[in-house]
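Student: Spelled out from the first residue to the last, the chains are:
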Amino acid sequence: MVASDASGGEAATGRRAEEMMSVVHAQAAPGATRQGNGGGAIVAGRGISKYFGQRCVLREVDFEVTPGEMLVVMGKSGSGKSTLLRVIAGLAQPETGELDISGLTVIKDGKHLDGWATQRRLVGMVFQQYTLWPHMSVYKNLALGPRRVLRQPESEIRSRAEAALDEVGLRDRMHSRPSELSGGQRQRVAIARALMMQPRVMLCDEITSALDPPIASGVLNILTNLARNDGIACVIVTHDMAFASKAADRVMFVEDGQILEQEEPSLAFSNPSSAGLREFVDALKVK
Amino acid sequence: MGGLLAYQFDWSIIPPIFPSLLQGLELTLEITVVTIAVSMVVAVPLALARMATVTIIRWPAQLYIEIFRGTPLLVQLIWVYYALPVVLGINLPAFIAVVIALSANLTAFMAEAYRAGFQAVPKEHLEAAQVVGLRRVDQIRFVTVPQALRQQIPVILSLNISLFKDSSLVSTLGVADLTYKGNIESSLLFRPMEIYTTIAAIYFIIAFPATLITSAIERRMLAGQEGQTPNRPRGARSLMLKLLPTHLLFGGFGG
Ligand SMILES: Nc1ncnc2c1ncn2[C@@H]1O[C@H](COP(=O)(O)OP(=O)(O)OP(=O)(O)O)[C@@H](O)[C@H]1O
Ligand SMILES: [Mg+2]
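Chains as they are written, first to last, in our numbering: chain A, 19 to 305; chain B, 567 to 821.
One chain only, chain B, in its complex shape:
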């Protein structure tokens, strides 16, 4: 009954270990950013392959996507961590191994988001590009990708938020991220309640605003389907799109 109430919180232990937790956070953010950057780029060809009419291109892409969507992320992490060195015959630093595993996973989900985005681009937009004489790569780069990204921004953002949180799984492989630092400190100080509450708060402070932005964008997209309502003011929305890291990553595709 009174277990939690009887517990005497001692928050004074947090300030001394805070620098160590921030170090962990730094690594968490590094892993997250690198993984997102890699996945968002690699997912483009993967999504295109997944949509290819040629079976020998489409089939491996589909298999890849289904494998990574159909198995637990933790298992994928462990598998890459232990199996990749055996397969490749080289010892990868733990940081690289987990980034590879997380990217492989996120790419699969991202590719599906892109595919939905690509398929939502009206065929007239591509045909107009074709009539103008744009090469296939230019059609994809200037017409398909920017529109697919805009259309899928809410999905892409929530995938990225999940990845940020799920990156805590790398702590099980001894990668010194935020969660790992928490494990270490709490085993030293025997104060898991305070430490894990703090860690949860740190994850939340970063993830929550991103979630809010995502829902705001979603609402705006539902409110005004682009191209349907004339004379709609655009200031706030386009500013928001410009502020998004996902959009910045693809700045070169904006045309």
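Looking at chain A on its own, in the form it has when it is part of the complex:
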């Protein structure tokens, strides 16, 4: 027990990338359609629309997230950024369009297809606030999903929790309560909790908005490492332009339910290719 714990941490981290690749292939559920196009993408959406009542919040958007990429999503308040992430995470049901996760179409024209339940586990999400379950210790927060959903043995959960907390630099806070953690630490634990489900994509909706800049960049650096070292694609909604131009592989601008552009961050900020984008970038620079 003690011996396996001691070695468990590192081994689990090293094994992760490999495991995840096998998870992707093992989880192709029967009955689901395998998509030909968009081959390499871990998440792909085609013609996705989302309405709230009469109001169209996403207008037939197409997008792709490739494995290991750092994708920053920007846009004005109310433009539909959160809704886009919520559709990918399965928290909002689009009325039209198709969503592929890891090459499998799991949502088509507002309906979940076979394989949805397993594929959605490849998507992790962290929220801006109320991220952790406050009545559970850090360890219990991490362990609940693996225990109840993945049905992993307790010894494995324990060693993977240690590895996940190592990843976010909080191994010593395993038994703390969320109320004993700072805002930045809570977000790190939320990232670790998402990692426990062995995701291929991590969705982060303004997870650093409530944090001081140095704390925020610490949290964002963890995500950069996950993308670089573990091949986990990160989709990050943030207004932090410094982070976007430093770490993003791609910046996606959302405006009024449409995806305005997707391009290299250096180009997006220095030489915006449309009037709308220029206006947006200028507004950000003033802030």
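Read the hints as simulated data drawn from the structure, not as lab findings.
Each residue gets a CB set at the ideal place from its N, CA and C atoms; glycine is no exception.
Keep in mind that the hints are not guaranteed to be accurate.
As the list claims (entries may be wrong) - Straight-line alpha carbon distances no greater than 27 Å define the calculated DSS-like cross-link-like pairs of lysine-lysine that follow:
| # | chain 1 | residue 1 | chain 2 | residue 2 |
| --- | --- | --- | --- | --- |
| 1 | B | K689 | A | K129 |
| 2 | A | K126 | A | K264 |
| 3 | A | K158 | B | K689 |
| 4 | B | K689 | A | K94 |
Unchecked claim - A short list of chain A residues far from chain B (calculated; beta carbon distances all over 12 Å):
| # | residue |
| --- | --- |
| 5 | R64 |
| 6 | Y69 |
| 7 | Q72 |
| 8 | G108 |
| 9 | A135 |
| 10 | T149 |
| 11 | G163 |
| 12 | D190 |
| 13 | R211 |
| 14 | D223 |
| 15 | D267 |
| 16 | E279 |
| 17 | S292 |
| 18 | D300 |
Given the coordinates of chain A, assemble chain B with the ligands onto it according to the supplied hints.
Tutor: Okay, now just chain B with the ligands, sitting in the frame of chain A:
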């Protein structure tokens, strides 16, 4: 004027009847504990039904709650005591009948407390559970219920304290609880002042500490909203939560 002052208290009559009063107290406590246990469990599905978006589920739940909140407990007790045997065609022991009536009543109030608690759980907590892939029942069991309970502990405790006191109404149906024993003894001894003062003291000695605990918890909850203040010591509070019977009842939901 001098009625009360002129009255000659004779406390020596109490010790001989004390064992009989304690017997009554035992039944009072039994009724209270069983009723609380039943209500706290049954109120969970009732509260969920009350919040359901489907009308045919929500509506009966709401009707039930309003009926039991909108009629006197004594009437409910009498009604169940006399009507249930007629409706069911079986004769229920008085103990069972009153426990059913009291539970039916407490469940209605408890469900409303739970509903307030459920609604106070931030939607992000449930969404996080959803993204992790927890089934709906697990979301309720591990995320919603424990938090709703903690949040509503003061309300739940005061409901339980009221129930303990209101259980004295069962004496009118001949159930030999503490109050009933008092009625009997005072009709035998013609010493109602001493006997009912003693009985009141017994109820008070049990209810008052529970009230104190309730207010203490309330103060603590107001002082430090969980999740807002980092590095707050937690020893005393979590110990207190562990000592609460209401919490113990739901130990399985703690996750
Ligand atoms: N549950 C809902 N019901 C009705 N309208 C909604 C709902 N959620 C979002 N909306 C609307 O959809 C639009 C897009 O919202 P969304 O939260 O996706 O924007 P956002 O880009 O994330 O904005 P912000 O930067 O302020 O977070 C907004 O106009 C919002 O009012
Ligand atoms: Mg948003």
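Student: Indicate, hint by hint, whether the structure satisfies it.
Tutor: Hints versus structure:
| no. | hint | result |
| --- | --- | --- |
| 1 | B:K689 - A:K129 | 23 Å, holds |
| 2 | A:K126 - A:K264 | 36 Å, violated |
| 3 | A:K158 - B:K689 | 19 Å, holds |
| 4 | B:K689 - A:K94 | 23 Å, holds |
| 5 | R64 | 22 Å, holds |
| 6 | Y69 | 18 Å, holds |
| 7 | Q72 | 20 Å, holds |
| 8 | G108 | 7 Å, violated |
| 9 | A135 | 7 Å, violated |
| 10 | T149 | 7 Å, violated |
| 11 | G163 | 4 Å, violated |
| 12 | D190 | 14 Å, holds |
| 13 | R211 | 7 Å, violated |
| 14 | D223 | 10 Å, violated |
| 15 | D267 | 24 Å, holds |
| 16 | E279 | 28 Å, holds |
| 17 | S292 | 34 Å, holds |
| 18 | D300 | 32 Å, holds |
Hints 2, 8, 9, 10, 11, 13 and 14 from the list above are not met by this structure, while the remaining hints are.
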